[in-house]
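As you go down the protein sequences, you meet chains W and D in turn.
Those letters in the first sequence? Residues 1 to 339, by our numbering.
Those letters in the second sequence? Residues 1 to 167, by our numbering.
The set of hints was computed from the structure by calculation and includes no laboratory data.
Take the hints with a grain of salt, since some may be wrong.
[Said to hold, decoys possible] Selected chain D positions facing chain W (Cβ under 10 Å, derived; list incomplete): (1) Arg40; (2) Asn55; (3) His58; (4) His62; (5) Trp69; (6) Lys109; (7) Phe112; (8) Arg116; (9) Thr150; (10) Thr155; (11) Phe164.
Even glycine gets a Cβ: it sits at the ideal position worked out from N, Cα and C.
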Amino acid sequence: MSLFIRNYKPGSVYNAQIIWRYHSNKVEMAKKEDEEEFRVLDILKTRTRLQRKVTRRADIQPDRSEKMKTDQNWGNVWPGPRSFHPSSVPLPLRQGYVPKGQAPPGKKANAELMKVPNFLHLTPPVIKMQCEAIKKFCTPWPELLNNEEAIEQNYPVEIITSDYCHASPTIRNPLSRIATLRVKLSDLKLDKHARDKFLRLVGDKYNEGTDLVTITADRCPVRKQNLDYVNYLLTACYYESWNVEDWEKDKALEDMEYYDFDQNPSKANLVAWFMRVSKKGDLTDDEVKAFDVSNIPNGPEYKKAVSDLFNNSESDQTLEDYDAAVRKLLGLPEKKVLQ
Amino acid sequence: MNNVIKFAQSAIILPQWSPIFASQFHTSSALCRVVSGKYRITKKRDKPLTYEMANPPHYIAHRKTWNSWNTCKIFTIFSMSLELLFAIPIIKTYSQLKKHVRFVTVIIKRQFNHIRVAVIIRRAVSPTKMYFLLGYSEEMLSNWIQCPVTLELQTVDSYQDVVFKYI
Numbered sequence: 001m002s003l004f005i006r007n008y009k010p011g012s013v014y015n016a017q018i019i020w021r022y023h024s025n026k027v028e029m030a031k032k033e034d035e036e037e038f039r040v041l042d043i044l045k046t047r048t049r050l051q052r053k054v055t056r057r058a059d060i061q062p063d064r065s066e067k068m069k070t071d072q073n074w075g076n077v078w079p080g081p082r083s084f085h086p087s088s089v090p091l092p093l094r095q096g097y098v099p100k101g102q103a104p105p106g107k108k109a110n111a112e113l114m115k116v117p118n119f120l121h122l123t124p125p126v127i128k129m130q131c132e133a134i135k136k137f138c139t140p141w142p143e144l145l146n147n148e149e150a151i152e153q154n155y156p157v158e159i160i161t162s163d164y165c166h167a168s169p170t171i172r173n174p175l176s177r178i179a180t181l182r183v184k185l186s187d188l189k190l191d192k193h194a195r196d197k198f199l200r201l202v203g204d205k206y207n208e209g210t211d212l213v214t215i216t217a218d219r220c221p222v223r224k225q226n227l228d229y230v231n232y233l234l235t236a237c238y239y240e241s242w243n244v245e246d247w248e249k250d251k252a253l254e255d256m257e258y259y260d261f262d263q264n265p266s267k268a269n270l271v272a273w274f275m276r277v278s279k280k281g282d283l284t285d286d287e288v289k290a291f292d293v294s295n296i297p298n299g300p301e302y303k304k305a306v307s308d309l310f311n312n313s314e315s316d317q318t319l320e321d322y323d324a325a326v327r328k329l330l331g332l333p334e335k336k337v338l339q
Numbered sequence: 001m002n003n004v005i006k007f008a009q010s011a012i013i014l015p016q017w018s019p020i021f022a023s024q025f026h027t028s029s030a031l032c033r034v035v036s037g038k039y040r041i042t043k044k045r046d047k048p049l050t051y052e053m054a055n056p057p058h059y060i061a062h063r064k065t066w067n068s069w070n071t072c073k074i075f076t077i078f079s080m081s082l083e084l085l086f087a088i089p090i091i092k093t094y095s096q097l098k099k100h101v102r103f104v105t106v107i108i109k110r111q112f113n114h115i116r117v118a119v120i121i122r123r124a125v126s127p128t129k130m131y132f133l134l135g136y137s138e139e140m141l142s143n144w145i146q147c148p149v150t151l152e153l154q155t156v157d158s159y160q161d162v163v164f165k166y167i
């Protein structure tokens with residue numbers, strides 16, 4: 001080894017083959033030297049440490065990053081996704097946790113830099129270039145569909161499916177069969193009865209917050225079948241909700257799922273009070289039912305307040321509304337709150 | 001032992017003579033000694049550690065990152081190919097079997113169906129031989145695993161280049 005160091009001159013040209021042969025010989029040489037040398041008792045083992053010297057190989061090229069020009073095309077240097085390689089990246093990177101006051105490990109032989117995914121292949125100029133290249137395959141976006149509202153109006157039904165791309169022995173993925181249909185409830189033509197029935201049929205597939213009905217099917221093995229099934233479900237629910245069965249007419253006031261002002265005694269009382277006040281004759285039950293509340297001054301507000309009180313449960317807000325509506329209806333002064 | 005059990009069974013008749021024959025709880029405190037992934041300090045403080053070894057496993061995501069990225073999903077996505085169940089162990093053992101590798105940390109990343117294996121190795125074999133080994137390993141691995149495998153090597157002069165500290 002020491003022979004090698006002695007003979008080594010920086011800058012002298014070494015053939016790679018010679019060096020490899022040298023490597024195989026040098027172990028024996030070192031052995032011979034050790035045998036000849038007089039052994040000294042070295043208690044503190046200081047010599048062995050000093051003898052270690054770093055040898056640099058002559059056949060190793062300098063880093064590619066040192067030769068790079070400043071105006072090079074980076075996309076050619078790093079064309080695709082790849083783990084970090086220090087000799088190709090001309091950046092003084094450092095990564096690693098060290099105690100305060102020390103410098104973190106540099107980019108060479110730094111496994112941390114190789115672990116993290118990098119985006120060196122996706123620099124802005126490269127993305128721009130790639131976009132330009134695939135531009136010829138694109139068609140222009142329809143001009144009239146320039147905002148979300150227009151898209152929703154023209155394409156109310158949304159179909160969601162997933163495609164999976166991989167090259168394992170099979171290209172099929174069982175997850176790609178799942179089909180989801182989404183439609184806004186307000187886009188369907190439904191009357192009061194049909195809407196109520198539709199919601200009952202659909203159940204928890206309707207989201208009140210977004211007004212969306214989401215139907216998902218994954219029971220068939222192929223996507224086409226699932227799509228057909230989803231469409232069938234929507235169609236069936238829609239037409240079924242328009243059907244009125246005979247037994248639906250038997251629905252009495254007690255069966256109502258919400259408070260309907262027009263069917264409740266509250267309206268009869270209101271109308272009776274109004275007729276007495278305006279000194280008109282009494283009405284029959286049918287006439288009371290057909291009576292329009294908007295003929296009574298402040299009648300609609302009262303109707304709304306009462307319905308809210310029953311439908312949206314009792315709260316400070318609904319009670320206050322009810323209070324105000326009753327005062328207006330009866331012509332009483334407004335509530336005064338002492339400050 | 002049998003005699004003891006028989007004695008205990010017979011002692012049911014005479015409960016005042018029966019020995020305590022129930023298993024008892026250990027009441028000493030639990031020994032929470034975690035040693036995996038940690039290295040002991042040597043007397044001379046001359047044991048070399050890489051950055052990876054210097055940070056124990058509880059520093060993952062704080063001081064160091066995971067060695068495998070997106071590899072858990074390999075089994076769910078490629079559920080059809082059973083070979084992949086053995087993919088990760090194969091890659092790990094295969095790289096560690098190489099004699100020239102010391103302090104090896106094998107970094108495995110999956111991008112879609114593409115598996116990348118990154119390793120830091122010492123320049124101990126000739127470049128020609130290394131290029132052959134590289135192509136050979138890639139070919140063999142991708143044949144076993146049935147998906148493209150790329151080995152991304154970084155070479156260092158000696159193993160001391162990867163040493164972070166001595167303990």
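Please list, smallest to largest, the hint numbers that this structure does not respect.
1 and 3
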